[in-house]
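Trainee: Chains as they are written, first to last, in numbering that gives the first Met the number 0: chain P, 0 to 116; chain B, 0 to 199.
You may find that some hints are simply not true.
[What the hints assert, rightly or not] Just some of the chain P residues that point at chain B, by a computed CB distance under 7 Å:
1. Tyr47
2. Leu58
3. Val62
4. Tyr80
5. Ile99
[Said to hold, decoys possible] Calculated pairs, EDC-like style, for lysine to aspartate or glutamate (alpha carbon to alpha carbon, straight line, at most 20 Å):
6. B:Lys173 / B:Asp20
7. B:Lys23 / B:Glu175
8. B:Lys96 / B:Glu175
9. B:Lys23 / B:Glu33
10. B:Lys96 / P:Asp81
11. B:Lys173 / P:Asp81
Hints listed in this document are in silico derivations from the structure and should not be mistaken for laboratory results. All residues carry an ideal CB built from backbone N, CA and C; glycine is no exception.
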Amino acid sequence: MADPHAAATPHAAGSHAAAEGGHATVATYLRVGVVLTVVTAIEVATLYIPGIPGLLLVLSLIVMSIVKFALVVGFYMHLRYDPQVLRALFVGPLLIAIAIILALMALFGAYILLPRT
Amino acid sequence: MSAQAAEHAVHDPNLGITGLDHRKMGMWAFLGSECMFFGSLIGTYMSYKGKSLTGPTPHEIFNIPLTSVSAFVLLMSSVWMVLALNYLRLNNMRWAKFWILMTALFGAWFVGNQVYEFAEFVHEGLTLQTSLFGSTFFVLTGFHGAHVTGGVIWLLSLWALALMGKLGPEDYLKVEIAGLYWHFVDIVWIAIFTLVYLIP
C-alpha cells in the first residue's frame, strides 16, 4: 500500500497508483469501465438485430454477462489479486448458486434459455 | 501460517490464523451467502418465466431503454467506487470524498429509476399479486433495490464521516469492505439485467 501520508493530486494519482502489491492502476480501472460500458451497449444493441437466431441471441447475451461479471469481480473487487482463500469463499457459493438456478429450472421444466420459436 | 504472519497476528487482533483480516473474510463469506440468496430468487423467476396465466407479460411492460440507463448508472457507480478507494489510499481525501459521494448519488439515481419503473408497472396493472411474473419479478428486483438502498445509506455514512474528518487512509479497509458490497450489488444487477430483462 502507498504511504498514507503521501499527498497526491488527482492527476498525479493516475500515474503514481501503479500496480503495487495487488492494486490495479487508475488507468486499468478506467479501461475496465470503458469495456463494461461498451459490452453493455452491445448487449442492448443485440436485442435490436433483426432476424438473429434465438439460441445465438441467448448465448451471446449470457457470454457478455459473464464477461462483465468477471471483470467487476476480478478488477473492481480485486479478487484476482486476493489470496486463494477469499476466492474460494466467493466462488464456492457462486457455483452453488448457479447449481440452484439450474436445478430449479430443471425441476420446473423451464427450458426458457432456449426461447420458443 | 508463516512465522511473519504469526508475529503480525499477535499485534493485530483483526488478523486470524489465515493471516487475513477477519472483517474482509467476513464480508466475502457474507457475499458468498448473498450469491445463494439471489441465486434462489433468480432461479425462482426463471422457473416461472412464461407460466403466468394473466398479463401483463414482460414484453408488454419492460422499458428496456430505461433499464439500460439504470445498468449503465450502476456500472459507472462501481467505477467511482474504485476511484474513491484509490484516492483514499493515496491520502487524497478531497477526491476520495467526492467519489464516495458520486457513488452514492449514482446509486440513488438507480433506486429512483427503479421506483419509477415499479410505479409504472403498478399503473399498468402488474402488482405482487397479479401473476407468477409479478410475484417473482417484484421480489427479485425489490430485494436487489433494497440492497442498493442499504449501500447508498452506507456510502453516505462514510461520506459524512469523511466530512467530519473521522475517515482517513487508516480506514482504508472499512471503505474497501463497503466497496466490496457495492460491487456485489452491481454484479447481481449484471445477472438480473441479462436474465430478466434482455433474454426474450
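Trainee: Would you mind marking each hint as holding or not holding in the structure?
Mentor: These are the hints, each one checked on the structure:
1. Tyr47: Because about 9 Å separates Tyr47 of chain P from the closest Cβ in chain B, which is outside the 7 Å limit, the hint is violated.
2. Leu58: At 10 Å from the nearest chain B Cβ, Leu58 of chain P fails the 7 Å test, so the hint is violated.
3. Val62: Since the shortest Cβ distance to chain B is 10 Å, the answer is violated.
4. Tyr80: With a closest approach of 12 Å, the Tyr80 of chain P hint is violated.
5. Ile99: Holds - the Cβ of Ile99 of chain P comes within 7 Å of chain B, reaching about 4 Å at its closest.
6. B:Lys173 / B:Asp20: At roughly 11 Å apart (the allowed maximum being 20 Å), Asp20 of chain B and Lys173 of chain B satisfy the hint.
7. B:Lys23 / B:Glu175: 8 Å, holds
8. B:Lys96 / B:Glu175: 14 Å, holds
9. B:Lys23 / B:Glu33: 15 Å, holds
10. B:Lys96 / P:Asp81: Violated - the C-alpha atoms of Asp81 of chain P and Lys96 of chain B are around 25 Å apart, more than 20 Å.
11. B:Lys173 / P:Asp81: 17 Å, holds
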